[in-house]
Amino acid sequence: MEKQLKNDFEKIIKTTNFSKETIKIKENHLNQFIATGFPNRKLENWKFSDINQIIKKNIGDLGFYNDYSFANKIDPSIFIDGIEHNKIVFINGRIEKIDFTYEDINKIEILDQDQLENSIKYDNSLISLNSAFTNKYYKIVVKENYSLKKPLIIYQTSTKNLKYKNINLRLDFLLENNSCLKLIEISDDNSRKNFTNTFFNFELKKHTILKNYKIDKKINDNIKYSFNNIQQDTNSISETFILSSGSNFIKNEINCNLNGKYSSAFINGIFSLKNHSHHEIRTSVNHLIDNTKSYQLIKSVLDDNSKSVYQGKIFVNSKAQKTDGYQLSKAVLLNENSEFNAKPELEIYADDVKCSHGSSSGNLNKDSIFYLMSRGLDYEQSKELLINGFLLEVVEKITDSEIRNLIKNLIGVKE
Amino acid sequence: MLRINNLSARIDNKSILKNFSLQVNAGEVHAIMGPNGSGKSTLSNILSGKKGYDLSGEVLFENNNLFELETEERAHRGIFLAFQYPLEIPGVNTNIFLKTSLNAIRKARGEKELDAIEFLRLVKEKAKELKFEEEKLNRQLNVGFSGGEKKKNEILQMSILNPKLSILDETDSGLDIDALRIVADGVNSLRKKNNSFIIITHYQRLLDYIKPDFVHVLMNGKIIQSGGPELALELEKKGYENFN
Amino acid sequence: MREKELEKLKDYKYGFTTDIETIKAPKGLNEEVIKFISNIKKEPEWMLNWRLKAFERLKVLQEPKWQKPKYPKIDYQDIYYYSAPKSASEKPKNIEDLDPKILETYQKLGIPLQEQKRLNGIAVDAVFDSVSVATTFKDKLTEKGIIFCSISEAIQKHPELVKQYIGSVIPINDHFFATLNSAVFTDGSFVYIPPGIRCPMELSTYFRINASDTGQFERTLIIADKGSYVSYLEGCTAPMRDENQLHAANVELVALDDAEIKYSTVQNWYPGDKDGKGGIYNFVTKRGLCKGKNSKISWTQVETGSAITWKYPSCILKGDNSIGEFYSIAITNNHQKADTGTKMIHLGKNTKSKIISKGISAGLSDMTYRGLVDISPKANNSNNYTQCDSLLMGNKCGAHTVPYIKNKNSKSNIAHEATTSKISEDQLYYCQQRGLNSEEAVGLIVNGFCKEVLQQLPMEFAVEAQKLVGISLEGSVG
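Protein chains in written order, with the numbering used here: chain Y, 1 to 415; chain G, 416 to 659; chain A, 660 to 1137.
Calculated directly from the structure, the hints in this document are not laboratory data. Some hints here could point you the wrong way.
The list that follows gives simulated cross-link-like pairs (lysine-lysine, DSSO-like), each with its CA atoms no further than 27 angstroms apart [as the list claims (entries may be wrong)]: (1) G:Lys-429 with Y:Lys-322; (2) Y:Lys-293 with Y:Lys-211; (3) Y:Lys-24 with Y:Lys-11; (4) Y:Lys-42 with A:Lys-724.
All values reported here derive from a predicted model rather than from experimental measurement.
Chain Y extracted, bound-state conformation (with noise of 0.2 angstroms):
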């Protein structure tokens, strides 16, 4: 692989023109990747799911190198209707388009990084990976005091023609104090067997509200992972929604730094989970300072050979007074082949806060069915009825009527 990762990196460095410093900084990230490889089961992180092992197994080897120097036409029936929405489309990790056409243009700034920050340190190798080899990308700034008037939809597509490939997206944005943003992340692939990685940036100011929703709904057999990494000043709040479902496996990790008084953050996700797909969410909420907030529901629906894990860490240190931290994990197994694995985590060093955690998993209530079959249900309309109920109780968190309904109609579930 070392062998590929070099020659693939040497042709990008040709096809491209970054600044020596952004080659050197890249070059870096490059080994440091080479020198710890796909992360594996030994690692704690990635216990549950052996990411090597499981790109080994479905893809292969893998190559490195795409041509950005094409652009891709877009297939505008991929655009969601009845929202109106500003857009940025990727097609094979290019970025295609961005259209803010329902915002003031003075508000927002759209900032080439071609520079990589070298400050970036976290101990991942696939942020070096995504580092070392993502094309040039994009900082958007939400300005002060201003609030998009229309959500903003990120499109990841690929097409047919994209195989056996790794592809890495980068994009940062940062929210100025008090502005205001709605993001949905919606994966929509044509293309097979091929390694995603994306890597997401929020910085948020003061008094600001970042709300952002994740989709994975599409049926498809590639491996994905995404890290969103978000830092929050005092009285901010973040949003997340993940709905993970369509991809054969996806590990969707949040890292959450609640650096300012008084900030929160809220998690929530579902998974819905067929055949052989196996998905994870991997949170770490981190409360640094006094008086913050965070919130956690998440829960699986697994069946066939399916499946789920979640790993959840609430951190709390020693300044972190009046911290309030909660965090649910709720699984129903629909078959005894599927299988649902977490970590709920707390470490705590502080002692006047609130952080509780449960987790529970297993069949559907025995009784409730009998009930609602006693009613006159048949088998198959209990069950999605009791799913449904089960699975409302997340989608009903997020806080856009909107984006709630455009959730409940792509999975499907009735209020």
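With chain Y's structure known, arrange chains G and A on it following the hints.
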């Protein structure tokens, strides 16, 4: 027994009691009435030694400076506070709590500690007097008790610990008429020559059952009027707003 | 005045040393030392070979690094692996023949071996440094066919039982410290309860590390045959020494059809001083196998001592309808560190497990609950309930909860709950208003917090444990 001279109390730079003075002699029952936020609960907390107040003035209990005594030392000397909101302490058996408490006080007074049998005999007798279901004493302290049960439990503790000065902080609030009578009986049975009471309340109705010697009206951290039991009736008729 | 009293109480009550002549193996870990141990114990050849096999394995094993408490590198060549009171080299036939100094030590510890009657009918096996020095109540147990003796004696007298079960729960190549124990274990207790017998008294072992630079590697094996029942207690103390001492014990439990084993531990090894100097490294492997159907293994532990505690008493629920339980109180103060919890491995059908863990951290200490619940695809209709509560006292200590939950069976349920809290000012104030001082109030509230676990202990231990809970936290309230 108790002399409060020019007591002022502040918390977070907010003035709550202002030059408050009161004298309670042995055997007297004083009722302190006042609207919400007038400083009633602050007064009971200061007397029993809750921390967190900026204090000035003087409080003497049997001629000792109360400010120099820790909370438990005040309890040892016979000050009892029936809490407005009795605390729940999970896992701690009510009987064991009571026994520990009683023996800590007896020990501090140089009296013989009671063994389990003597203690249970005492509890049984007192519980019967107060119509307190004994079964509840084997439950965790105040956990799962109704509001009324918690208040009755306070009065039971009071009658077992046999204090010299009992302070009842809104013990009547949230009680139905039967429970109110039981609480009042508890107080009246303890009412002796040497035992004094400060009864803090909103309403006059408790005073129908416990006849006070003095009634004081507390507004904005000060006693604005003192008198006999008739003052409570007058207050009830006029309401706090029109009292001035 | 109160402070002075506290100062006295804070001192480790069991911190004395006893001046006793000892026989020691040469310092260091090598084949010769292992042969020395085996030889002095007059072991049969198969036992020596078993030890050497473990030693071979040890050479390729690495010390585990994933646990939270980190410790300075241990020099395994700088430890005495065998230390025995000289007078015990020929094991005394009855207690009167024991070295009076050893008797005195146990008396100081509150274990009067001579006055058995005062112990309310608990049979005691006392382990001093590396060897078992006395077992009480032997006759009464023999009557019922119960074997309760040191493991050294069992190896000689009951080789067929030892051979069959030793290493059957903790394999010879399990992990570094377990394998180290297999190579060098010196003594420990052996219990066999015959079919259908309900052991008429609590069996108890008292462990004591006395000599310096000595590791204690005892091995305990308990077998409950079909339809039998036994309750076993274990207590531990060590003198105060500036250097750290290693304690790496292995405990194996086997419960056959319809059998029940209840294993209780009060661990109060020397925790080191206020500044974190000295103390025991308590790296213990405890595992129970519910081998037969309807069998039950229940672990109860009160962990207040040791500089570092690192142990996960576990249950392998192999037999259908078997039950595993884990009740734990762990308290850390000053510089103590603990990483403890359990593993419940559900293999059989209709298996049940319950985990109740109460962690209390104070001072500059650090406490981790780490646990695994694993329900395998074949373990239909199984369930687990876990509750982990942590109490923090001050903001210089840490409390962590790291449960691993694996449900691979759609007919089985796992439920896990965890909370973190502190003692509220108002609760303290309420107790003080009723005449308790702040130390008493904390003791009372913490004992309430631990109640569900304390209830599991046999009476004699429960009283001791309650006191220990109070003493361990003294000086931790401002």
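Given the hinted pair Lys-42 of chain Y and Lys-724 of chain A, is their alpha-carbon gap at most 27 angstroms? Holds, at roughly 12 angstroms.
| Are the Cα positions of Lys-429 of chain G and Lys-322 of chain Y separated by 27 angstroms at most? | 23 angstroms, holds
* Is Lys-24 of chain Y close enough to Lys-11 of chain Y, meaning Cα to Cα at most 27 angstroms? -> Distance of about 15 angstroms is within 27 angstroms: holds.
Keeping to a limit of 27 angstroms between CA atoms, is the pair of Lys-293 of chain Y and Lys-211 of chain Y held or broken?
Status holds; Cα separation ~16 angstroms.
Of the numbered hints listed earlier, not one is contradicted by the structure.
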